[in-house]
Structure formats: C-alpha cells, structure tokens
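Since each chain comes alone in its own frame, lean on the hints to assemble the complex.
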Amino acid sequence: MLLNRASSGGRWRVRPDGPGKVTGGLAYLTDMTTDQMLYGLVLRSEHPHARILSIHTDKAKKLPGVRAILTYMDIPGLNAFGIAHPDQPVLCEERARYVGDALATVAADTLAAAQQALELIEVDYEVLEVVDDPERALLPGAPQLHPGGNELHRTVFSRGNVDQGFRDCAYIVEETYYTPRQMHTYMETEGGLFVPGEDGRLTVYSPTQHGFMDRMQLSRILAKPQEEIRIVSSPIGGSFGGKDELNVQPYGALLAMQTGRPIKIHNSRWESVRAGLKRHPMKITMKTGIDAAGKLMAHQVSIISDTGPYSTLGAEVLNFATEHVIGPYQYEHLDVKGVSVFTNNGMSGEFRGFGGNQAIFALEGQMDRLAEMAGMDPWVFRKLNMRQSDDLGPFDQPIAMTDGAKQVWEAIAKCPLWMEKQQLARMSHSGDEPWIKTGIGAAFTMHGAGLGVGIPDPAGGRLALAADGKIEAVFGYEEFGQGLLASLEQMLMEQFGFGAKDIRMIIGDTDVVPDSGSTTASRATAMMWKSLQKLKAPFSGQLLQRAAAILNRRVEQLRLAEGGIKGRSEEALLLSYKELAAAAGEPIRCETSFSFPTSSTERVGAHYMYTYSAVVVKVEVNTLTGRARVLQQYHVVAAGPVINPQGYLGQIEGGSSMALGFTLLEESIMEKGHYITRNLDSYLVPTIEDQRGLVEVEAIEQLPEGDDYGPRGIGEVGSVTLAPAIAAAIRQASGKWATKLPVEPSFLQETPFFLGKG
Amino acid sequence: MSEEAVKSETPYVLRCFVNGKEESIHTTPAARLLTIVRDELSLTGTKRSCEIGRCGACMVLIDGNAVNSCLTMAYQCSEKQITTIEGLAVQGMDPIQQAFLEEGGFQCGYCTPGMIISVKALLDENPDPTDDEISEALSGNICRCTGYGGIWRAVKRAAEGRRQTT
Ligand code: FES
Ligand code: FES
Numbered sequence: 001m002l003l004n005r006a007s008s009g010g011r012w013r014v015r016p017d018g019p020g021k022v023t024g025g026l027a028y029l030t031d032m033t034t035d036q037m038l039y040g041l042v043l044r045s046e047h048p049h050a051r052i053l054s055i056h057t058d059k060a061k062k063l064p065g066v067r068a069i070l071t072y073m074d075i076p077g078l079n080a081f082g083i084a085h086p087d088q089p090v091l092c093e094e095r096a097r098y099v100g101d102a103l104a105t106v107a108a109d110t111l112a113a114a115q116q117a118l119e120l121i122e123v124d125y126e127v128l129e130v131v132d133d134p135e136r137a138l139l140p141g142a143p144q145l146h147p148g149g150n151e152l153h154r155t156v157f158s159r160g161n162v163d164q165g166f167r168d169c170a171y172i173v174e175e176t177y178y179t180p181r182q183m184h185t186y187m188e189t190e191g192g193l194f195v196p197g198e199d200g201r202l203t204v205y206s207p208t209q210h211g212f213m214d215r216m217q218l219s220r221i222l223a224k225p226q227e228e229i230r231i232v233s234s235p236i237g238g239s240f241g242g243k244d245e246l247n248v249q250p251y252g253a254l255l256a257m258q259t260g261r262p263i264k265i266h267n268s269r270w271e272s273v274r275a276g277l278k279r280h281p282m283k284i285t286m287k288t289g290i291d292a293a294g295k296l297m298a299h300q301v302s303i304i305s306d307t308g309p310y311s312t313l314g315a316e317v318l319n320f321a322t323e324h325v326i327g328p329y330q331y332e333h334l335d336v337k338g339v340s341v342f343t344n345n346g347m348s349g350e351f352r353g354f355g356g357n358q359a360i361f362a363l364e365g366q367m368d369r370l371a372e373m374a375g376m377d378p379w380v381f382r383k384l385n386m387r388q389s390d391d392l393g394p395f396d397q398p399i400a401m402t403d404g405a406k407q408v409w410e411a412i413a414k415c416p417l418w419m420e421k422q423q424l425a426r427m428s429h430s431g432d433e434p435w436i437k438t439g440i441g442a443a444f445t446m447h448g449a450g451l452g453v454g455i456p457d458p459a460g461g462r463l464a465l466a467a468d469g470k471i472e473a474v475f476g477y478e479e480f481g482q483g484l485l486a487s488l489e490q491m492l493m494e495q496f497g498f499g500a501k502d503i504r505m506i507i508g509d510t511d512v513v514p515d516s517g518s519t520t521a522s523r524a525t526a527m528m529w530k531s532l533q534k535l536k537a538p539f540s541g542q543l544l545q546r547a548a549a550i551l552n553r554r555v556e557q558l559r560l561a562e563g564g565i566k567g568r569s570e571e572a573l574l575l576s577y578k579e580l581a582a583a584a585g586e587p588i589r590c591e592t593s594f595s596f597p598t599s600s601t602e603r604v605g606a607h608y609m610y611t612y613s614a615v616v617v618k619v620e621v622n623t624l625t626g627r628a629r630v631l632q633q634y635h636v637v638a639a640g641p642v643i644n645p646q647g648y649l650g651q652i653e654g655g656s657s658m659a660l661g662f663t664l665l666e667e668s669i670m671e672k673g674h675y676i677t678r679n680l681d682s683y684l685v686p687t688i689e690d691q692r693g694l695v696e697v698e699a700i701e702q703l704p705e706g707d708d709y710g711p712r713g714i715g716e717v718g719s720v721t722l723a724p725a726i727a728a729a730i731r732q733a734s735g736k737w738a739t740k741l742p743v744e745p746s747f748l749q750e751t752p753f754f755l756g757k758g
Numbered sequence: 001m002s003e004e005a006v007k008s009e010t011p012y013v014l015r016c017f018v019n020g021k022e023e024s025i026h027t028t029p030a031a032r033l034l035t036i037v038r039d040e041l042s043l044t045g046t047k048r049s050c051e052i053g054r055c056g057a058c059m060v061l062i063d064g065n066a067v068n069s070c071l072t073m074a075y076q077c078s079e080k081q082i083t084t085i086e087g088l089a090v091q092g093m094d095p096i097q098q099a100f101l102e103e104g105g106f107q108c109g110y111c112t113p114g115m116i117i118s119v120k121a122l123l124d125e126n127p128d129p130t131d132d133e134i135s136e137a138l139s140g141n142i143c144r145c146t147g148y149g150g151i152w153r154a155v156k157r158a159a160e161g162r163r164q165t166t
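Sequence order for the protein chains is C and L. Throughout the first sequence, residue numbering follows my numbering, covering 1 to 758 in sequence. Throughout the second sequence, residue numbering follows my numbering, covering 1 to 166 in sequence.
Same shape as in the complex, but just chain L (with noise of 0.2 Å):
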C-alpha cells in the first residue's frame, strides 16, 4: 500500500483474527490498533497511556510477536492473527498470568495486561532467558507501581513452571 492510500481518510475494511475469531472491522487504513481493540471491539484490557510506543501498556501480540499497538496501522494488520491480553486465558488462565498472581507482580494493574503479553513473546521464543534476555524484552513495558521486583518474580516462576510441564 502507497503513503497515500496510508495516509487516506477513504474507508477500509479490516480482516484479520482477533483472538482467534475473523472479524472485519470498517475503519480507515491509517486508524491505529489501539483503537481499533478498544473502541470498536470494546476489547479494553489492552490500555493507552502513552501512545509513542513508550511504556508499552498497549501490547499485543500479531502473529506471535509483541507488537505496540498505539504505533499500529490498521492496514499492517490484513490477515493477521492479533491476540489481545482477553485471547490469552483460552482454558483457564495462562501460567504467565497465574505467576504474576502468585508472585504480585502488579499493583494498579495498569500496565499488567501489556507486560504479560510481552513476556507471553518472549517465553513463547525463548523458554528459559536470561536477565539479560529478559531485561531486554520487558524494557518497553513501563510499570510505575510495583519497582519491578514482582516482575521479575513472576517472570522466572513463569519460565520455570514452563520447564516442568514440558
């Protein structure tokens, strides 16, 4: 797609999968993701707070990969599979979700659902990172409350719990 059609008001029809479900979504090609999950799938556990792809509350996954969606267009989106912090508990909640329940590995809960969906991104690539590693994959992912240390806990009992069940 050309700058100009990006850049276009002219309408588009989105097709992709969210949470594993086809949708196609009216939009423009331009409209961002963020608010194409929130606002018109009322898929609100993906949240917004810096919109320049800074603090990472906004991610989600496309095709497996940790994406800020506030830095997304509508149209990088055709024919991909999105999953959204809602698509991740399938049966029952995710290991990753229960560690940080168990570890408290968030306060406010604001920035949660971006930070589970990039560690989602980076266990689901590397199940058994470093701190390195996984400093490095979380850097995007700003949380104000907790000073990171639940994080971290809820991050290694992931992995681990990972390593047992596999």
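Just chain C, same shape as in the assembly (with noise of 0.2 Å):
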C-alpha cells in the first residue's frame, strides 16, 4: 500500500502532542525555569590532548554571583559515565581527550556571571600529541589514550576460505568507501531543569531515551541511592540517537546537589557540537568476486571506526556494521574484520542506522560494481544472490523468518520509477542543458531491531483504570518526535476499542514508569505492541467482569467502547469508565514484563527480528556546479503492520531526508581534533530547497502466518539505503562511482565543453 493521508482513511489522525506543539504551549524541559533558578556551565578542554597540570578557579569564585564550581574532587561518587562501560570522565582529573572533556563546571544568578567565572578558571595544559587518525592511532609508537591502549574493540567473522573462493571468481571489485562524522543536529540542544527537594531527592528534567539508564548512572556519580533520583525525560526536541548517553545531566545534577538550587543548563550550539556525539567516521574496505554466472563467491571486509575518545556504544555500533557488511546475501567464503579505535577526534557514539548506514553504503556499493562488470542488470544480480526466507541471519543465527526480502525486491523490479532506468539508459544526455545529466539508482538492506544478543533489553508496561476513570497506559518510553504517543493512543483505540478522550498516557517519568528499556534500535512501537497484546486479555477481562457485575449482564454480552461499556451489538452506552472506576473493588490494573526477542546464538550483537527495506531514486547531477539534486524516491518498506500510518510516513520521509545530508551535505569537519564546523553556517543540512522532490513510500504489511512479533521497526530503515542509491544514480548520470560521502561537488564537476576543446 502506498502510505499517504488518502490510502490511510479514517488511520491518518491528528497526533495527541499536536496542538500543543504547533501552538507553542508545550514546555520541552529546556523551557523551564523555576524560582531561585541558578544557571549552569561547563568548561571544556581548549585542547584536543592534554595534561592537566592544574585548575584554579579561586578567581572565578570570588566573582559576585558565582554560587558554585566544581572540579572532579568535588564528584562524590564515580568520575565517569557511559552506558556500555564508563570511561568517560565527569570531571578530568589529569588528561583530557577531546575538545569536549569537561574541567570544571559552575552555577552562577546569571548566565552572563557563569560565562565571566568560566573565562576566570585557570587550567595549566601540556600539550600532548594529538591522535586523530584511527589508522595511525594503530602503529606502534602511537599516544595510547587509554591503559588498554587506543583499540575499542574488534571484531571477526568469518565463513570458508576467501583466499580460496577468490582463485574461483570471474570478477572481483575492490573498493574502500569513507564515510563522514555526521552529526545529529537535533534542532533542541542538549539542556534541562534539575531540582532539589527538601526530601533530599533530586529530579531532572532533561531529554534521555532511556531515563532509567540515566538514573542509575547519576545515581553512580553522586553515591546517591537511585530511588532518591527522578528522571523526567520527554517531550524532546530531536534526539536520533544522540541523547542516548549522558550529557549535561552529570553536571546539573552535581550542581544542583551542591548548592541546594534548581540549576538551568542549556546548550549553545557549539557547546553541543563540541561536547555531543557524532556519527562513527568508518573506512571501509571491501573485496568482493562473483563467478561468471554472477555468483557471489567470496567477500572479504575491513572496517576501521573512528569512535573519539571514550567508548559509549562503540563497540556496539561496530558489532552492528560487521553484520550489515554482510547483509542480506549469501557468499560461500566470507571474511570480515573491523576495528574500532580511539582517537581525539569529537565522540562517536549512537545514532540512527547504528553502524548500517556505512556498512550498507559499502556492500550496496560493490553488489552494483560487480553487477555492471558481469553486464547484468544491478536488480537482477542483487535477486541472484539474496537470502531465501528460510536462510539463517548474517552471522549464520537464527532469525524471525519472513519473506521480507522478496516482498521488497518484487516492489522495486515492478515500480515505475525502477523500470525509467531502462528509459534513461537509452536516451542519450543531451538536450538544451546537456551538463544536467539523471540517472537512476536503487539499494537494498534488512536491518536488525533491538539490541542483538548479549545486551539487556527489557521491554514492557502497565495499564490501569485509574480513580478519574481514565484508561492508563503507562510506558517507560520516550517522545523525541517519532509519534511515539500517537501510535500508542492509535493501538489502545484500534486493539481494545477505546475513545481517545479515555486515555491517558504516562511516559518518561521513572518515579511512575515500569522500566520498559531503552526508546532506541526501532524497537519501541513494537514492544509497545508486543506489550497491549500481552495485556489485552487480562486488562479487558478485569474490565468487563467488574462491568457484569455492576450492569448483572454475562461478561460476553459486553464490550469496550468509546466512553465506557456497551452491549455486545448495541450502541448505548451502559456504564462509563468513570462509574466503572468509582466501583468498590480491588484496583484495576495489569503490567507485563518480557525481553525484546533475541536470537538463540551466542554471537553478540546478532538479531533476531530485521526489517527489509529498498529505495530507488532519481538524482539530477549539475556537472557545470557540481551539485547532486535527489528529484524523486521510492521506498519500499516490510515491516509487518502499519500502526500509525502518518507517523510511518514521517519516519521514512525524515529518515531519508537525514541520509540525503549524510551523501550530499554534511560533515563535521575536524583538524587535528579541533572542529571547524561549530554552527549551522557550515555544517550544512537538508533544507526544504533540498527537499523538493516526490518521495513515495509503499508499505508492506504481510507477515507469515502465525509470526506473532508484529510491527518490526520503521526509524531507522528510511535513513539506511538512500547512500547507495544516490551513488548508483550519480553513477548512472555521470559514470563516476563515488567512495566518499558527502559527495563533493568538485568530484562531480566537469570541465564545460566549450572550455574543453582547444
């Protein structure tokens, strides 16, 4: 089904958050102020590698105003953070290594008096070499950055004899693709409120995608107990991974417990690029041979990722992108190595694709320079060599099977804009413009959900009919955007047959919240699902018992409605909701609590539940300015049913448009650990100037029978295929294969033919 507010009908609605976003009212939490406010800032290392010699803020302190500074000998508990394994200090003690590291932080009545107390603190630096090539960070006689040296982590797969399946091959490609620190620009920057109680509890207001991880690392910082910490963690303005980790929070809260004070922390956008995470810069190198007949025979992968100074989830982002350099095909000898090394370059860390958009940037990459050296058509090589329903995962694990796969393929071989390549590639480029020059191209993935074997990965929630007589539905999930809230209102409605004005939903609050997991990997709509559908039958049931005893009816002649209870086939409403809640009797109320489903491999990081995904696009090159334009997409998407089809289309449609910055736009630029790029002036994302074009979404929602995991998940596929498919499209237009994104326009510029001749 083509996904649009026509296909939908009566589905497309109006999200719950909607008003109060599009009116202004709703307070994100860095909109909040309160009494006796006082303004938080940090101070960050001005050198990429240094030690620390001392700090001294005697001076910054005796400035009016100034109410509090802290160095790491203030930090009552752990100097560090991050979610996988803390290494990330607070506070530095002796060494800083990033532009980011934080030194010292302070409170002040202004924010003008706190920025005057940064200038104020002296910090005596020796300068230390800085490390901002991963390869050279490698080579013996390189700065280690950490005790165990600058290696991360790394990674081996490995299948047959590569050495061996290449003597066999009639073609071999051998390529290595470079890809940018991208970096998230989630249009709010990082900030919030953190408030002291009299009671001794702290709470915090401050966008995370997983309050509880948050919590229990505050609560490690401050040696406070985590009942004695509140995280309140949505709306948030933008996150796509980048809020994941700790930022600001550590030093609110430091702060805010230090000086008994409500402390207001908010981002500048430079503090923000400086300090936040970025996506992993990877090299990627691949060797690839087919057989005459198109066979893929061997494969052979090298990844080397950026991950900056500490680890956040590094090792995990590189466990992710070894699985998609070997994606949906089958080879018989197969050899994949990565590394993940440790740099003075900004923090890598998560973000939306988690590894696969460069990993699958390189293997799409290849599977179209193999398909033209043995002249077949790029589809029809991919159709050749993909995985069969019934095939094991990439790590040769167990999978959710599902036809996936060939859904997606038949989508693309049969739509419209696929079938214009023929066109295209018959029609000679001229015409009144002739250094305007299209082309057409396409790409293919299935992606992983959730976190994969070996991490924790809780999922559940609560529903509850509370004394207002308002159907609860309580989740420890987060809104950054997504429609989160819109698609569980949609589910209660649509599964158990409720009016929107019944509900209220209580997300983001880990003083009320079950501990539902990390709002991350795509996974939240589906665990949410996962969740009603768990809770259906004993929620429902209590509901419409205690109703057959109030009306004295049987339990089956009754139903859930709009507003309260009603006849199984009659339109009148026999009791309300309220009434139903104003009953004598025990609570009503239901909680599940499960694990996201895992494959049964001992491969860490291998997934059990994928969603395939496919776009085509067509790219206008400007061979005079160099300048690629994307004038039209098509994404085709199998991700089980469509839940919230408004929030499903903005969910590919902003994906892609993440990815059309990530091939054409943006990069954060870095010299020698220092950032050129600090602002919007010249890191650049997609405008609505570069968003022009058709984009087409196609849904499909088949899953096999009896495959009862449901949704799989839509936020990250839209942002992983586009890459490949503007460079197979480039390559059709202008018969260059880009290997660097962004792609330059000096890359794609030509000499004019009336400059060439002479």
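Note that these hints are calculated values from the structure, not bench results. Predicted model, so just to flag it, every value in this text is computed and none were measured. We put the CB at the ideal spot given by N, CA and C, even for glycine. Treat the hints with caution; some may be incorrect.
Beyond 10 Å from chain C on every Cβ pair, some chain L residues (computed) [to be verified]: (1) 12; (2) 13; (3) 16; (4) 17; (5) 21; (6) 30; (7) 62; (8) 63; (9) 81; (10) 150.
To be clear about the criterion: a stretch of chain C counts as covered by chain L if any three or more of its residues have a C-beta under 8 Å from a C-beta of chain L, and this derived list gives those stretches [to be verified]: (11) 16–22; (12) 149–159; (13) 185–198.
As structure tokens, then:
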C-alpha cells in the first residue's frame, strides 16, 4: 500500500501531542524555569589532547553571583559515565582527550556571571600529541589514550576460505569507502532543569532515550541511591540516538546537589557540537568476487571506525556494522574484520542506523559494481544472490523468518521509477542543457531491530483504570518526535476499542513508569504492540468482569467502547469508565514485562528481527556546479502492520532526509582534533530546497502466518539505503563511482565542453 | 541610535506590542529579542537553536514580517508589533496550525513554531505561492525530523484552505 493521507482514511490521525506543538504551548524541558534557579555552564578543554597540570578556581569563585565551581575533587561518587562501559570522566582529573572534555562546572545567578566565571578559571595544560587518525592510532609508537591502548573493540566473522574463493572468481571488485562524521543536529540542544527537593531527592528534567539508564548512571556519579533520583525525560526536541548517552545531566545534578538550588543548563549550539556525539566515521575496504554466472563467491571486509576518545556505544556500533556489511546476501566464503579505535577527535556514538548506514553504503556499492562488471541488471544481480526466507541471518544465526527480502525486491522490480532506469539508459544526454545529467539507482537492506544478543533488552508496560476513570497506559519510553504517543494512542483505540478521550498516556518519568528499556534501535513501537497484546486479555477481562457484576450481565454480552462499556451489539453506553472506576473493588491494573526477542546464538550483537527495505532514487547531476539533486524517491518497507500511517510515513521521509544530508551535504570537519564546523552556517543539513522531490513510501504489511512478533521497527530503515542508491544514480548520470561521502561538488564537476577544446 | 548606544549596557525601556498587548520591558538596547521573548516574557514557544540566524527556530513576526529574533536587538523593536507563535491562535487555531496538525507537518515540534511563523508571513503576503516561492520563504527554517514532506503538504493545504475561505 502506498502510504499517504488518502490511502490511510480514518487511520490518519492528528497526533495527541500536536496541538501543543503547533501553538507553542508545549513546554520542552529546556523551556522550563523555576524560582531561585541558577544557571549552569561547563568549562571544556581547550586542547584535544593535554595533560592537566592544575585547575585554579579561586578568582572565579570570588566573582559576585557565582554560587559553585566544581572540579573532579567535588564528585562524591564515580567520576565516569558511559552506557556500555563508563570510561568518560565527568570532570577530568589529569588528562583531557578531546575538545569536549569537561574540566569544571559553574553555577551562578545569571548566565553572564557564569560565563565570566568560566573565563576566570585558570587551567595549566601540557599539550600532548594529538591522535586524530584511527589508522595511525594503531601504529606502534602512537600515544596511548587509555590503559588498554587505542583499540576499543575488534570484530571478526568468517566462513569458508576467502583466498580460495577469490581464486575461483570471474570478477572481483576492490574498493574503499569513506563515510562522514555526521551530526545529529537535533534542533533542541541538550539541557534541562535540575531540582533538588527538600526531602533530599533530586528531580532531573532533561531529555534522554532511557530514563532508568540515566538514573543508574547519575546514582553512581552522585553516590546517591537510585530511588532518590527522578528522571523526567519527555518531550524531546529531537534525539536520533544523540541523547541516549548522558550529556549535561551530570553537571546539572552535581551543581544542584552542591548548591541546594535548581540549576538550568541549556547548551549553545557550539557547546552541543563540541561535546556531543556524532556518527562514527568509517573507512570500509571491501573485496568481493563473483563467478561467471554472477554468483557471489567471496567477500572480504575490513572496517576501521573512529570512535573518538571514550567508549559509549562504540563497540556495539561496530558489531552492528559488522553484521550489516554481510547483509542480505549469500556468500560461500566470508572474512570480515572490524576495529573501533580511540582518537582525540570528537565523540562518536549512537546515531539512527547505528553503523548500518556506513556498512550498507559500502556493501550495496559492491553489488552495483559487480553487476556492472558482469553486465547484469543490478536488481537481477541482487535477486540471484539474495537470501531466501528460511536462510540463517548474516552471522549464521536463527532469525524471525519472513518473506521480506523477496517482497521488497519484487516491489522495486515493478515500480515505475525503477523501470524508467532502462529508458534513461537508452536516452542520450543531450538537450538544451547538456551539463544536466540524470540517473536512477536503487539499494536494498535487511536492518536489525533491538539491541541484539548479549545486551539486556527489557520491555514492558502497564495498563490501569485510574480513579478518575481514565484508562492509563504507562510505559518507560520517550517521545522525541517519532510519534510514540500517537502510535500508543492509536493501538489502544484500535485494539481495545477505547476513545482518545478515555486514554491518559504516561511516559518518561522514572517515578511512575516501569523500566521498558531504551527507546532506541527501532524497538519501542514493536515493544508497545507486544505489551498490549499481552495485556489485552487480562485487562479487558478485568474491566468487563467488573462491569458485568455492576450491570448484572454476562461478560460475553459486553464490550469495551469509546466512553465506557457497551452491549455486544448495542450502541448505547451502559456504564462509563468513570462509573466503573468509582465502583468498589480491587484496583484494575495489569502489568507485563518481557525481553525483546533475541536469536539463540552466542554471537554478541546478532539480531533476531529485521526490517527489509529498499529505495529507488532519481538524481540529477549538474556537471557545471557539481551539485547533485535528488528528484524522486520510492521507498519500499516490509515491517509488518502499519501501526500509525502518518508516523510511519514521517519516519521514512525524515530518515531519508537525514540520509540525503549524509550523502550529499553533511560533514563535521575536524582539523587536528578541533572542530571547524561549529554551527549551522558551516555544517549544512538539508533545507526545504533540497527536499523538493516526490517521496513515496510503499508499506508491505504482510507477515508469515503464525508470526506473532508484530510490527518491526521503522525508525531507522529510512536512513540507511539512500546513500548507495544515490551513488548508483550518480554513476548512471555521470559515469563516476562515489566512494567518499558526502559527495563533493568538485568530484562531480566537469570542465564545460566549450572550454574543453582548444 | 548610534553604534555606541546600541552596544552599551545602559538600561533601556523597550516599548512595543507583543501579541497585541502593550509592553514596557526593562532591558538593554542590544539585548536580543529572543532572550526578551523567552526569558522576560516567558513566551517559550519561540525556540533557540543556532543563535546565528541559520535555523529559523526563533522566528517571530515584526509588523507582519518574519524575522530571526536571535538577530534582532531590543532597540530595533521599539514601537513595533511583535507576534510570537502564542499570538497566532486568536480565535481558535490559525488555519496554518490546523494544516500542520492534519498533514503531520511536524514530529519533535521544535522547529514548528518558527516554521509556522514563516508560513504565516508568506501566505499573508502571497496567498497563492508557487513551489519556488514556498521554498524560498522557508529555506531559512531547518527541520531535522520531517524531511519537509509533511511541511510541503501542510503549506499547500493551508494555502488552499485560505483561498477557499476568501
Ligand atoms: S536560533 Fe535564530 S535562527 Fe537559529
Ligand atoms: S519537527 Fe523536529 S525539527 Fe522539525
């Protein structure tokens, strides 16, 4: 089904959080203020790599209006954070490893006073050699950034014998692909309000993707029991993975505890750029061979990932990339190696696509090159080598089997935009503007959802009939714009029969929600769906039983409806939810908790559930300016039932726009560990002008009979296939293979024909 | 006002109209309108994101024109009519806001107030804009979430809606 408003009919709904967003009435956590509030700021390292000899705060402390200045000496608990492995100092003691490293934090009556205080803090540095290249970081003699050296993590996966495999190949493609340090560029920079309570508790109002993880990490830093910390974490002005790790929370929390006053922190854009996460820049080298018939024989891959100074999820991202450089194809011989390397560059971390973006750009690039070499249609080539529905996963692990790969392949094969490619091939590039050249390309993937084997991946939620008669749905997930609340509301209405007005949704508050795991890895909608499936019978049953007792009817005669209980085939309301809640009896409340389904393999990071997707794009290259424009996109996504059509469409449209930036525009440029692109004047993301082309999304909903995993994730797939598809289209248009993203205009520019002669 | 006076920290009383209401705000001549609106008037619908005039999250209307409030100084607002997102829904929601709701012209919503302000300025000036004109009017408003698909739909619907009612 082509997803749009018309095809969705009544299922296309106004989002429950919409009115607050279009009127400006919704207060984001960085909009909050309170009485007695102080302003917090962080002093960060001037150098990407330096020994810290001393930090003097005396002068700054004397400044009127300054209430606290904290350094490493003032941290009551663990001076470190990191989701997977806490190795990032909250406040550096003897060494700074990147320009975002924090040295001191200040609270003052005004922002101006806080700023002035930062300037008065005196730091003596001994500048150290900067490790700004992951390959050089691995050479003997390179400065070592951590006690364990410069290697964060290595991955290996092999099958057969590639050397032998390559000997039997008719064609071999060897290529190296480079991907940029992409910035999340959420429009709301990091920040929040940190409020100490009279009871000694601390309330943190600050965006994150997993409130309970923040609570655990802050509890370690503050040496304060988790129960004494409350994290309120939604709504969020965009995250895309970038706010999953702690950012300003440690500073706000420490300052609030120290001063006993509420602290407001709201990063400037530069502060956000400097300290925040980026997508891992990767260099991926591939050697892939096929036999004379076009069958894949051997595939050899080496990934080098620049993880920056500290771990966060760098190892997990590499695991994901390792799985996705294998992808949906079958090879007899396989040899994949990856290494994630510490450097003094910016922090790399979680970002929508989670390493898949880089991997798929490289892998699909190989497929297109091989097809061309063998003289085959690239889509037919893929079909020949694609996994079958009952094949094992990329790591030879059991997976939830679907026909997704085939469904997606077929949808692209018959879509008009793909068929236009043949016509383009036949048309010669002349006309009024011979420097404008057009091409069409496509790419394909299977993208893992959930955190994979070996990482705790809890899920669950709660339904209750509240005292005021509202149906309360309580989940530990976060709303950062993806439409989680809209999806939850829609499921409650469609699966249970409630009306929108009957429902109260509670998310993002550790004091009241169960730990439903992180809102990440395209998992939240699937987990809410599963939770509701599990809760449906017990919760509906309890409501109906209570109603039956009150109404003196049999349960089977009653049903849940908008506003309250109705008779099976009657329209009249028999009992409102309010009346039901007022009736005596045990509270009606159901809770479920379970784990995201994982594969029965030992392979850490291997996935069990996948979304299959593909895209065709039409691109126009202006060889005079070197600019490439995406004219049209056709996405096909096989992810099971569409829970919320508007949200689904929005995720693919939005994800693909990010991918367009990744392919053609975006790069955080660093020089010797310093950011050159410090704000949105030099770091360019797509504007409306870049997004004038038609974007269509076809959703394939059908799942195999008996599949009870429900909807697969769609939060990331929109952002992973566009880059290789654009690269293929550029190839058709210009004859050039792009291997480095973003594609530079200078790469596509050609000397105009009228200057060429002479 | 001279350059020096603008730069000075001397107290300044800004008299202007914000969402139709007369205000006298004690500030400095060079204070940014963005700070005044958010911090002094607690109108936090106007957002801050880049602070250098590149993202449009901070857009407000001054005498009907869309301007970046992060680049506007207090003295430039003297006696002006300033409209923030909060001032748009006078009797119920503005049809532009309604169109954004219905078409899904937002996700996180952080760019949305600024985006809607820019659309308002565009449609007030040009009720039947071409795609080129829409693109030009909104090219200073960055949306990171939607990919602009929903925004295109919302702007077209809003323009259509206006043409039908007038
Ligand atoms: S905050 Fe004013 S344009 Fe970005
Ligand atoms: S809706 Fe998030 S930036 Fe536009």
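We went through each hint and held it up to the structure:
| no. | hint | result |
| --- | --- | --- |
| 1 | 12 | holds, 16 Å |
| 2 | 13 | holds, 20 Å |
| 3 | 16 | holds, 19 Å |
| 4 | 17 | holds, 18 Å |
| 5 | 21 | holds, 16 Å |
| 6 | 30 | holds, 13 Å |
| 7 | 62 | holds, 17 Å |
| 8 | 63 | holds, 20 Å |
| 9 | 81 | holds, 18 Å |
| 10 | 150 | violated, 6 Å |
| 11 | 16–22 | holds (count 6) |
| 12 | 149–159 | violated (count 0) |
| 13 | 185–198 | holds (count 5) |
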